[in-house]
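I would like the entire structure built from these sequences, with the hints used as guidance.
Now for the letters of each chain:
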Amino acid sequence: MNPALQGLITIVVGVGGCVAYYYFSNQLLDKVLFPARGPEAGRNINRANMIRPWLFLFPALFALGLYLAYPVFETLRLSLTQRLPGGGSEWVGLQNYRNMLGEPKFWEALRNNMLWLIVVPAASTAFGLLAAQLTDRIRWGNIAKSLIFMPMAISFVGASVIFKLIYDTRAADQPQIGVLNALWLQFEGGFWSLVFLKIVPALILLAFAAIVAWVAWIFVRPMFKTGEPTGFWTVPLRLFVAGAAIYLIFLSLRSIVNIFGAELPYGQPQTWLTIPFWNNFFLMVVLIWIQTGFAMVILSAALRGVPEDTVEAAIVDGANPFQIFFRIKVPQIMPTIVVVWTTITIVVLKVFDIVFAMTNGQWETQVLANYMYDKLFRANDWGIGSAAAMVIMLLVTPILVWNVWNARRELR
Amino acid sequence: MAGLKLTDVAKAYGEVKVLSNINLDISPGELIVFVGPSGCGKSTLLRMIAGLEKITGGTLEIDGVRVNDVPPAQRGIAMVFQSYALYPHMTVRDNMSFALRLAGKSQAEIDAAVEKAARALQLGPYLDRLPKALSGGQRQRVAIGRAIVRDPKVYLFDEPLSNLDAALRVATRIEIAQLKEAMPDRTMIYVTHDQVEAMTLASRIVVLAGGGISQVGTPLELYERPENEFVAQFIGSPAMNLFKGEITGTGTATAVRLAGGGTAVSAVPTRDGEQGLRVNVGVRPEDLVPTDDAAFLYQGTVDYTEALGEVTILYFHAEPGETAVIAKLPGIHADLRGRNVRLKADPRKVHLFSNGKSLLYRK
Ligand SMILES: Nc1ncnc2c1ncn2[C@@H]1O[C@H](COP(=O)(O)OP(=O)(O)OP(=O)(O)O)[C@@H](O)[C@H]1O
Ligand SMILES: [Mg+2]
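First to last, the protein sequences are chains Y and F.
Position 301 of the first sequence, counting from 1, maps to 301 under my numbering, and the rest follow consecutively.
Position 34 of the second sequence, counting from 1, maps to 34 under my numbering, and the rest follow consecutively.
Quick caveat, the hints were computed from the structure, so don't treat them as lab data.
Incorrect hints may appear among the rest.
[To be verified] Listed next, the in silico DMTMM-like pairs over lysine to aspartate or glutamate satisfying Cα-Cα at most 25 angstroms (straight line):
#1 328/F / 303/F
#2 5/F / 53/F
#3 105/F / 30/F
#4 54/F / 30/Y
#5 105/F / 90/Y
#6 329/Y / 286/F
#7 116/F / 30/F
#8 132/F / 309/Y
#9 329/Y / 128/F
#10 180/F / 194/F
#11 180/F / 63/F
#12 132/F / 308/Y
#13 153/F / 312/Y
#14 17/F / 308/Y
#15 54/F / 312/Y
#16 116/F / 128/F
#17 17/F / 309/Y
#18 54/F / 308/Y
#19 132/F / 312/Y
#20 180/F / 61/F
#21 357/F / 286/F
#22 54/F / 108/Y
#23 5/F / 312/Y
#24 5/F / 227/F
In this text, all values refer to a predicted model and were calculated from it rather than measured experimentally.
Shown next as structure tokens:
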């Protein structure tokens, strides 16, 4: 049979099956189980109405249970067992986790994931916010928005292929087909090289450090205000944020020093994806490129929701455009920013396709999801693979809960 | 001390002319009220003074300095918005201190100014609340407090009370009046739809209509000596009655034969040779009194009465397409319904308009 026909039949049967299920189960409930007739008509109607939601939810609950809840428990079980040669399995307790923690590749994946976790949501949200604010003010803003949003329509693998071409390398005497190398070869160590490769990155890092300091200060400041009610867990949380911020600021300042110390190999085409540490960032760019559109669309809607007269009041109060943006608009859309940030964070924690398609975790670019895939499907070690999956779930869950909580508060 | 001078101020959105030829001289310490029908450009004019709207023609001077291109914050103005426009993420205290903070004032100065304004507006207990935890009246007071804290030379109010209920509106109106009395040298410009607000607050009222100024004057001037039919009908409620007629006698007093068969005598002088001139005779409902004399100004059947307690409003029968004549009598006269009533008026209260303009102001 023609596969297209097969697909069509599947769709018809699937949709028809759903409709039939809802229709006939409803009929069964109303006409057979609790008919609205006879001496108990009133009670029957009430009972039917109590059961109906569960009846209609059943297919969804069943599918979720089968494909989501059951795998979680099965993965947990698998992570505690070990495959025996010749079939069967045995209970090994936490041995898989111990083995995993002993592997340097796991720690590399964890470190890279943390790096992704910091850089990608921050950059996507920041660029999205910037794009949202700027495109709202220009005439061709809607076109710009569409262009920025378009990467959302590309699959991660497709985007990876595009960027692999951008990062492509040819021998020095051949024309470069990769945009990045073509650009790179324009630099030969003169004035503009200094500007673009030392000063601009240093400024970006400095700005990053400043933003981190600002955010940390916002977090920490309430500790110095007296008389405010504080939960018992807020102080450690604030201290933790402060500590993380200080570490990040230290990292960025050290990187600035390194940038100025580094000897750059001008004139030689680079294989970008094999430069340890930095290649992580070349991978992150792909996800940032995709997620900026998402952040922009959501934040642009939020920005439009900021009452115009509060902006005008601020103008009369003497605020300049930056102050209006950072002190009037951004605080008003802060809940949305948090939702966007956490949503991207979850995407980042699960990132797999990009790494898989571009480096497959070589050259120190491993991330947890790809590590899990490696173990589970390549090394056929279901124990460690499942253990890695559990670690990912453990990391995602709190953020997910927080995200849902925030989103629901937004709706109220 | 700051006066404002508007010279030929105009506003156009592209091709659409919204305001033109606005000339206005506001002395320091005045409370000017802009009134006019919806869409006549009151808010636009106020926002031009504030600097939120670009002035597309003419000049605006504050304190003798041309400020057309001066940013709002440096014009020495503060604005209170109809929708309050409080910063929702800031406490009342932060809302009020925002402008001072931007201006780089010291913490001590800011605290002193906020405390003082909060005391004047009884906002003390709410200083650490967010706007969403305040009632409408409290929010409006915060918005006023935000203006006071900056101690501007000119206060601008755009329908500040229109979102409040009737009782609160009266209370807040009195608060604004007292605020003005406490700051005799501060200029205020106030936009409103509400006649009572305009009449009670204003030192002078500016009536805007059709993209220009219809008349400027004290509330009583506008009430007693309207320059044109529009102002005559706009000020006062119910609106002034207009009767069509023809001048029959001229001199220091003018006699007019009315279309309805009555005659009106007005204290407005007319010149010889103006006999036969078609005029509109304007009489306010409260100036019409019942009469049994043979000489009457208007007679008709009372279709409907509204007894408000201290006054009764009579609506006379009108043919479809005509406006009903309205009279306002002191006391309760519900029994007049369905009766034929004759009305007369004091000649000093009878206005004459020709081509929409009052004959009183003609040169
Ligand atoms: N951006 C704009 N483009 C074109 N016309 C505008 C614009 N803004 C306002 N107008 C027009 O300017 C006129 C004056 O508007 P404005 O808001 O000043 O009226 P208003 O007197 O304050 O009315 P209201 O009493 O209803 O508040 C209106 O007719 C309106 O249609
Ligand atoms: Mg208005």
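#### Entry: Structure versus earlier hints, numbers of those that do not hold, lowest first
Per hint list: 3, 4, 5, 6, 22 violated.
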